[in-house]
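There are 2 protein chains.
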Amino acid sequence: MQIVGELINASRKNIRNEIREKNREKIVEVAKAQYDAGADFIDVNAGIFVGKETDYVKWLVQTVQENLDVPCCIDSPDPKVIEESVKVHKGTPMINSISLESERFDRILPVIRGTGIKIIALCMSDEGMPHTRDDRMRIADKLVNSLISNNIPVENIYVDPLVQPIGSGDNFGIEFLNTIESINKEFKGIHTICGLSNISYGIPKRQFANQTFMIMAITKGLDSAIVNPLDKKMMANIITAEMLAGQDQFCEKYMTAYREGLLDF
Amino acid sequence: MQIVGELINASRKNIRNEIREKNREKIVEVAKAQYDAGADFIDVNAGIFVGKETDYVKWLVQTVQENLDVPCCIDSPDPKVIEESVKVHKGTPMINSISLESERFDRILPVIRGTGIKIIALCMSDEGMPHTRDDRMRIADKLVNSLISNNIPVENIYVDPLVQPIGSGDNFGIEFLNTIESINKEFKGIHTICGLSNISYGIPKRQFANQTFMIMAITKGLDSAIVNPLDKKMMANIITAEMLAGQDQFCEKYMTAYREGLLDF
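Protein chains in written order, with my numbering: chain A, 1 to 265; chain B, 1001 to 1265.
In case anyone wonders, no lab produced these hints; they're calculated from the structure. Predicted model, so just to flag it, every value in this text is computed and none were measured. The reader is advised that the hints may include incorrect statements.
Computed from the model, here is a short list of chain B residues facing chain A with C-beta under 7 Å [said to hold, decoys possible]: (1) V1028; (2) L1162; (3) G1221; (4) A1245; (5) G1246; (6) Q1249; (7) G1261; (8) L1262; (9) L1263.
Idealized CB from N, CA, C, for every residue including glycine.
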């Protein structure tokens, strides 16, 4: 599984202050902890700083990459922020995100075309947020095919079907899971990704519910996720579910995790 | 999910002695603990007592049912034991098991025909144990269709695809999971069941692997299981996975479990 470490996000109170003060040491510490715990990408998000977002995201990318040999996931709803931040990124970043919303699509596409950039494609359109598998697949079909027809390689596309809270609809979990399955069936070689903590919004024992949902999503074929890599239980669930899903030859990763104490909590 | 409580099994050392000594109090205690923890059936197995198995299983059924209003799952490879034990069972038992092995099939069929008894149907034939989904489906097709053509209602059939250790084959987990999915797709109204602890045979952290595998099996449609209902984590996983799979209206069971402290461990 490809792990995007989610912790450097200005919506988190502690991180917000560190970003505002450009506390290099702290940002590097959080990036390194995630990298050491298995993050393949370090998400950087400064979305709450209106007017200063570009400056902060660029600073975050540079701060992370001056200290670690790891790509970032540039995370902003604002195409302008993405466009500017990509320029200071070394190697191939991931971008979070493009969608079928026309304004976002039209402005992000030129940034990624011909670059090899990995792109998170949200199942969202100008008509808003879909609820069912069928609604999501209608958007995914258009979105993915538009990207492919613009020469974005399918293996650089990470579809995020968008998790919605189970507390708002009994079927919101299963419709999401079934979308993962359908996307993998329809587009060979594509990736699926999500930040799944939204599933437990409004119910108790959120972390436990999230950890459980991760195992279910892997069972349906999820191969990338935006998570907290320092959540030891979550990471153990991922390693174990992947082994049980036939993705760990001779249980090697599982056995290594066991020996390193990663299955103890 | 229908839970078959697995603890009253003579292969477990402590229980073996209690059965040998016909310790009524202890057997009732273990049955009641499982019932209180959510068991829908109490498995009774005295398979290691050669020559005395019938006597012990009958005694177990009677002992459990004199004290609790719960059906048993009569668990024996020996059709004779099953035939005799069914006679002393009040209400409708579950039987573990029938298979496509001709001797077992031919002798169990008359015991269940026309009775309403619930039957666990193992994906096993005279050719032995299957490994892949396709091999299992070939057996399941014959077995289930034979049962149906003998007027066993599909909703009384619980197919057990037979879990095999992930340590013996990287794909043994996913082939099992895919079989669950295929059986549910092919036979509307049927049940699937398993005792899943075999998956972790030979690897460390067995309980954790089993608990993870349960969530994966539920994701693929497993609706019954032979488990230890006193494994609090396992039961919490079941409740949570079922909620996330859209089987818990308004998250009611999840919320109740939370209030009762069943999600704390």
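Here is how each hint holds up against the structure:
no., hint, result
1, V1028, "violated, 33 Å"
2, L1162, "violated, 16 Å"
3, G1221, "violated, 11 Å"
4, A1245, "holds, 5 Å"
5, G1246, "holds, 4 Å"
6, Q1249, "holds, 6 Å"
7, G1261, "violated, 11 Å"
8, L1262, "violated, 10 Å"
9, L1263, "holds, 5 Å"
Hints 1, 2, 3, 7 and 8 from the earlier list are contradicted by this structure; the remaining hints agree with it.
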